[in-house]
Amino acid sequence: MEIEARDLQFSRGDRPIFRGLSCRFPRGKISVVAAASGGGKTTLLRMIACLLRPDSGAILVDGTRDLVSLSRAESDAWRHHVGMLFQFGALLDMLTLYDNVALPLREHSKLTEAEIHDEVRRVFEAVGLEGVDQLLPGELSGGMVKRAGLARALIEKPEVLLCDEPFSGLDPPTVRKVEELLQAVNERTGATVVITSHHPLSTMRIADHLVMIGEGRAVEGTPQTLVREDARVADFFEEALSPPAVARGAS
Amino acid sequence: MNPIAGVGRLGAWAIGSVRALGRFTLFARTLLGAGASPPLRLRRLVAEVYDAGVLSLLIVCVSGFAVGMVLGLQGHNTLVRFGAEENLGAVVGLSLIRELGPVLTSLLVAGRAGSAMAAEIAAMVVTEQLDGLRMMSVDPLDFVVAPKALGMILAMPLLSTLFVVFGILGGWAVGVIVLGGDAGAYLSTLEQATEFSEDVLGGLIKAAVFGVLVGFIATYQGFTARATTAGVSAAATSTVVIASVATLIFDYFITALWGY
Ligand SMILES: Nc1ncnc2c1ncn2[C@@H]1O[C@H](COP(=O)(O)OP(=O)(O)OP(=O)(O)O)[C@@H](O)[C@H]1O
Ligand SMILES: [Mg+2]
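Chains as they are written, first to last, in the working numbering: chain A, 1 to 251; chain B, 1 to 260.
This is chain A alone, in the form it adopts within the complex (with noise of 0.2 Å):
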């Protein structure tokens, strides 16, 4: 599915949030919508997933549903469709990580207990996550807490996922492997991935689509045409450009 933004305008009490922000998340590909701490990743994306609405503006699904205008029935169909790891992982305190990751299968599917041992079992298996079952999410490191979160946005098969910051608190080796996770799930299924990040040099590797918010507007495209087309960009993933400093000190 595709996503549009159209000049979504949004306030917090009278502090502006966003000030006509539009852009684009192109169908299956991997979106990265890129922002200092606090220029509203987050927000945008609780928009797309209904848990928040804008001001003003529309959020329109392959050019025609819009998402700003859905009942409490609608939104709550259109989030079948889609997976999201929320920041801080979101999981539920009173369940163990199996019960947490099976709870969507368990509401929504029919399948067995064993068929829904072996789902969870593959995606555990997928984010690197062994061993810890019968634990509770308070019993977790944060970066345990977000591959489990992301083990359960994608439990589902979602056509749109929604990552927010899925690199945070996790080891580089981790890193890398959520990022190949995440390209193997957007080749696998053809969903159409949005992920929030600061992290210049994962949104690099793994990018189609770039997305940069600042002061409440969004600039868009290819991240090697926008980091050569924009300064503020440029400026942002300067890090990601240039030779790695242990490189520079070895020459």
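Note that these hints are calculated values from the structure, not bench results.
Hints should not be assumed to be uniformly reliable.
Claimed, not checked - Which chain A residues face chain B? A few, computed with CB under 8 Å, are given here: (1) D76; (2) R79; (3) M84; (4) A90; (5) P104.
Heads up, the beta-carbon is just placed ideally off N, CA and C, and yes, glycines get one too.
Take the given structure of chain A and dock chain B with the ligands to it, following the hints.
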């Protein structure tokens, strides 16, 4: 001070209260709908009854015993003046069964399990757990909130019964063991004076109504809490205050209307 401003504030307060009551009523209606529609989530319900019950078990038993002891002492001192001290069992038992059991249990449970329930739900709001459920197309009212409210409604009569039993024991401890009253008279006057449908059932109904009050107020305060740390503590405190006052007010009306 401008007298008009005072009237204006009074009006604003009145409108605000009616609004809040309206929102609460809407919440209660939605919650009833969510709770009554399948799936029934029996396992979640049992867990919640257990939580609400176990949290309050100790304070209910201890307080019940203490209140019974006080009733035994006061009742004895009063009855002795009329030479009717053998009726102690009836006095202690009836006041507990009809009035003090349900009311005091409700106040205690509101302070213990009710505030905990509100804080727990509010913390789930803060940590986006409820939004997480919404993203899985699971209704948080149905999955989290309704079992909690229902658990409270079921736990309250059970706890109130415990309170009464321990209260009667407390009265017995003072009246019979300490003051040397007649054990047989204590129990037989209690048995003769108590009417099942009038007293016992009435007390249980009262407790169930208080369970509805505490359960709905606690879940409402938690569910509508502001998503901040202060919001969590405010939800807990206002639950205790509102639920306690509501218990006392409703107690009068139940007693006046149905004679319980
Ligand atoms: N619940 C809220 N109430 C008031 N203001 C909020 C709330 N949530 C976010 N904001 C404000 O909205 C703006 C955007 O927040 P948002 O969480 O979308 O930023 P972000 O880009 O995700 O930041 P980060 O990279 O730190 O996660 C911030 O300025 C923040 O102060
Ligand atoms: Mg954020």
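**Prompt:** What hints, given by number in increasing order, does this structure fail?
**Reply:** Hints that this structure does not satisfy do not exist here, as all of them hold.
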